[in-house]
Amino acid sequence: MKKRLTALVLAFAMIFTMTVLTACGGNQGDQADQGDQSEGRTFVMGIDPEYPPFSYLGDNGEYTGFDVDVARAVCDKLGWQLEIFELNWDNRYIQLDNNECDCVWSGMTILESTKEEGYVLSAPYFDNSQVLMVKADSGIASSADLAGKDVGVQLGTSGDILLGEDLAELAGTFNSVVRSDSFLKCFTELDGGAVDAVLVDAPVAASYAAEHDGFVILDEKLGGEQYGICFRSGDQELCDEVEGAIQELVADGTYKQIAEKEEYGEIINSLIFLQQ
Amino acid sequence: MSLWTMIVSMAEGLERTCAIFFLTLIFSLPLGMCVALLRMSKNKVVANATRFVISVLRGTPLMLQLLAVTYGPYYLFGIGVARNKLIPVVIAFAINYAAYFAEIYRGGIESIPLGQYEAANVLGYTKTQTFIRIILPQVVKRIMPSVTNEVVTLVKDTSLAFTVSYQEMFTIGKQIANSQTSFMPFVVAGVFYFVFNAIVDYGMGRIENRLDYYN
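Protein chains in written order, with this note's numbering: chain A, 1 to 276; chain B, 277 to 491.
Keep in mind the hints are simulated off the structure, nothing from the lab. Built from N, CA and C at the ideal position, the CB exists for glycine as well. Some hints could be false.
Residues on chain A that point at chain B, a partial pick, calculated with CB under 10 Å [claimed, not checked]:
#	residue
1	W89
2	E116
3	V177
4	S180
5	D181
Here are the simulated distance ranges between beta carbons [what the hints assert, rightly or not]:
#	chain 1	residue 1	chain 2	residue 2	range
6	B	L279	A	E169	23 to 33 Å
7	A	Q81	B	F298	43 to 53 Å
8	A	L184	B	F462	19 to 29 Å
9	B	T457	A	T42	25 to 35 Å
10	A	D240	B	W280	40 to 50 Å
If you want the footprint, here are the derived chain B segments under chain A, 3+ residues with CB under 8 Å [said to hold, decoys possible]:
#	region
11	356–370
12	454–468
Input sequences plus hints: build the corresponding full structure.
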């Protein structure tokens with residue numbers, strides 16, 4: 001009798017937990033689905049959570065970065081609630097299509113293929129280039145020195161794609177290309193001696209090298225590109241609204257203020273809206 | 277990119293997936309037996325220590341163990357990260373799977389009635405002889421379905437190796453999915469895993485039938 005009672009209690013406990021979990025899970029999905037343009041809407045921004053200085057976990061345990069700060073200011077301006085969704089970067093399009101977030105806004109490179117797929121893209125806001133980061137004592141001075149070496153890159157980033165296309169010839173001289181799931185892991189591999197160089201976006205390299213000793217960024221610029229915000233096809237209206245708010249922020253100086261933050265390094269020099 | 281090119285480039289990664297799979301089995305199956313024997317040791321300290329280790333290995337994600345084995349030495353002692361990632365990957369996989377196999381072996385060994393040990397003793401078998409000639413053959417037969425379960429899981433778990441930048445088949449799939457903005461590589465990966473497991477299933481079924489010589 002006692003055993004039966006215990007079993008019954010356990011069964012109820014399980015059902016209860018599952019109900020609570022499903023209820024919580026359900027809510028999250030609903031919020032991203034709310035496509036209404038009313039005031040107080042929740043704007044879900046999809047970020048790569050390990051992409052300093054554009055989007056990363058700050059010292060206080062909350063997401064910060066240039067893109068996050070701008071998005072926050074945009075939402076303040078429009079009276080929206082900002083919610084941050086951590087993307088699995090190499091699945092970003094699938095997650096965006098699944099309404100898990102309203103946009104991908106995290107130093108995302110504008111690619112021709114993205115446009116061809118029908119995604120709505122904002123005007124470019126950042127001029128980026130790919131650079132090579134090496135250890136200070138490696139003796140590597142240019143991409144030509146990388147013949148027979150191992151080069152790290154984050155899977156699915158523009159550096160990775162570049163190595164398959166425009167830089168395929170250079171990639172052919174490497175011993176191997178080591179793909180990781182985040183840049184921070186690439187840097188750990190570099191520091192730990194598992195790779196000889198990392199092909200990475202210039203601002204990411206600059207912000208990492210500023211905080212960690214022993215790394216050198218080569219002057220050579222490999223491949224230029226621009227960052228934009230990516231929305232689902234059909235969300236042109238949302239894109240226009242966000243872009244409008246950003247222009248207001250540029251006009252009233254808030255944008256510049258954010259860009260000038262010390263922890264964001266030199267990104268201010270490459271922001272397109274501040275050059276005009 | 278045509279579907280065929282996609283399949284060919286992913287098939288290249290399949291080689292590295294197979295490397296994890298076979299090496300893990302080669303190391304973890306015997307290691308599991310050692311762990312199982314330690315776990316059943318008459319010495320309470322040894323038995324409990326082993327029990328604790330097993331519970332840690334089963335109670336923490338394999339992904340975490342992969343990270344710990346690969347980057348742990350670097351963060352803790354400043355020892356470099358291995359260039360050949362297959363080594364830390366196989367170490368982590370083998371240790372993790374050995375813990376599961378150990379418990380499966382223990383279940384099998386403990387399911388053999390005590391009377392058999394007594395009978396063997398009466399017939400003059402030594403302890404080792406009893407274990408190897410009488411107990412073990414029966415255990416192998418009994419645990420086959422559970423072992424197949426683990427082996428099938430192992431095929432799918434190989435995709436976790438990307439956590440430490442080891443590029444197996446699924447990583448290449450993700451890479452193609454990215455550059456082509458296409459879902460197709462995931463479908464291909466799914467088919468690859470399924471076919472791989474169908475072969476494993478068939479092979480294990482054959483072995484099981486072979487062992488079923490009394491029926």
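How the hints compare with the structure:
1. W89: holds, 9 Å
2. E116: Nearest chain B Cβ about 8 Å off; hint holds.
3. V177: At 9 Å from the nearest chain B Cβ, V177/A passes the 10 Å test, so the hint holds.
4. S180: holds, 4 Å
5. D181: holds, 6 Å
6. L279/B / E169/A: 23 to 33 Å: About 26 Å separates the Cβ atoms of L279/B and E169/A, which means 23 to 33 Å holds.
7. Q81/A / F298/B: 43 to 53 Å: holds, 52 Å
8. L184/A / F462/B: 19 to 29 Å: holds, 25 Å
9. T457/B / T42/A: 25 to 35 Å: holds, 27 Å
10. D240/A / W280/B: 40 to 50 Å: Once the Cβ atoms are compared, 42 Å apart, the range 40 to 50 Å for W280/B and D240/A holds.
11. 356–370: Since 5 is at least three, the answer is holds.
12. 454–468: It holds, with 5 qualifying residues against the three required.
When the structure is compared with the earlier hints, no violation turns up for any of them.
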